[in-house]
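S.K.: Turn these sequences into a full structure, and let the hints steer you where they fit.
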Amino acid sequence: ERHGQAMAIWGAGIMLGPILGPTLGGWLTENFNWRWVFFINLPVGILAFLGMAAYLPAVARRVRSFDFFGFAMISLGVGALQLMLDRGGEVDWFSSIEIWIELGLSITGFWVFVIHTVTSEHPFIDPKIFLDRNFVTGLAFIFVMGVLILASMSLLPPMLSTIFGYPTVTIGIVIGPRGVGTMISMLVVGRIMGKIDARILVVIGFLLTAQSLYT
Numbered sequence: 005e006r007h008g009q010a011m012a013i014w015g016a017g018i019m020l021g022p023i024l025g026p027t028l029g030g031w032l033t034e035n036f037n038w039r040w041v042f043f044i045n046l047p048v049g050i051l052a053f054l055g056m057a058a059y060l061p062a063v064a065r066r067v068r069s070f071d072f073f074g075f076a077m078i079s080l081g082v083g084a085l086q087l088m089l090d091r092g093g094e095v096d097w098f099s100s101i102e103i104w105i106e107l108g109l110s111i112t113g114f115w116v117f118v119i120h121t122v123t124s125e126h127p128f129i130d131p132k133i134f135l136d137r138n139f140v141t142g143l144a145f146i147f148v149m150g151v152l153i154l155a156s157m158s159l160l161p162p163m164l165s166t167i168f169g170y171p172t173v174t175i176g177i178v179i180g181p182r183g184v185g186t187m188i189s190m191l192v193v194g195r196i197m198g199k200i201d202a203r204i205l206v207v208i209g210f211l212l213t214a215q216s217l218y219t
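Heads up: the sequence shown begins at 5 in our numbering, then just goes up one per residue.
Certain hints may be false.
Pairwise CB distance ranges, derived in the manner of DEER restraints [as the list claims (entries may be wrong)]:
1. Pro181 <-> Ala52: 39 to 45 angstroms
2. Leu191 <-> Arg39: 30 to 36 angstroms
3. Trp40 <-> Phe168: 31 to 37 angstroms
4. Trp104 <-> Thr141: 35 to 41 angstroms
Derived by calculation from the structure, the hints in this document are not laboratory data. Glycine included, every Cβ here is placed at the ideal spot set by N, Cα and C.
M.R.: Structure representation (structure tokens):
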């Protein structure tokens, strides 16, 4: 009954980061150092946890065991892959033993995770959800859109800094408004998704995203 309202609140909250993050991060980097971009999340996270503990009502849920082994394996795979991609350019990729070690750890982590997921009684990710055509289609669309959008977001700050010579705070101000449209659209969609077929809203969203990326 309150699914649309919950989606609207969630959408507004999740887009505050892309709106405030670049400007606040630029100010912190320029006045302190880049480490504070990460430290600032600690007090915010503590306040969010205390707020949830104080105001969220207790809901009875079916208790099930957490798959710590599966979680550890996928964390190993993703973490090693991230390190390999981050460090590759600095150590000349596969001419470095470090990259080979990280590649091996990543492949091992993902391989063991897949085997464990198929054979475990209560895996970290239930493979049955991938039998849902709508779920798989949505994942594919989100993956493609994420690659396109996040790639541009990661390349834009270095370009503005090295090529255009923008100071750090100015880069944050330039990038920040990108999230305003997304936040507004998520609030609107959260309100009307119970009245309009969600597939229509998804198609409209992807068309608008394609148009914005093209222009």
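S.K.: Could you tell me which of the numbered hints above are not met by this structure, giving the numbers in increasing order?
M.R.: 1, 3
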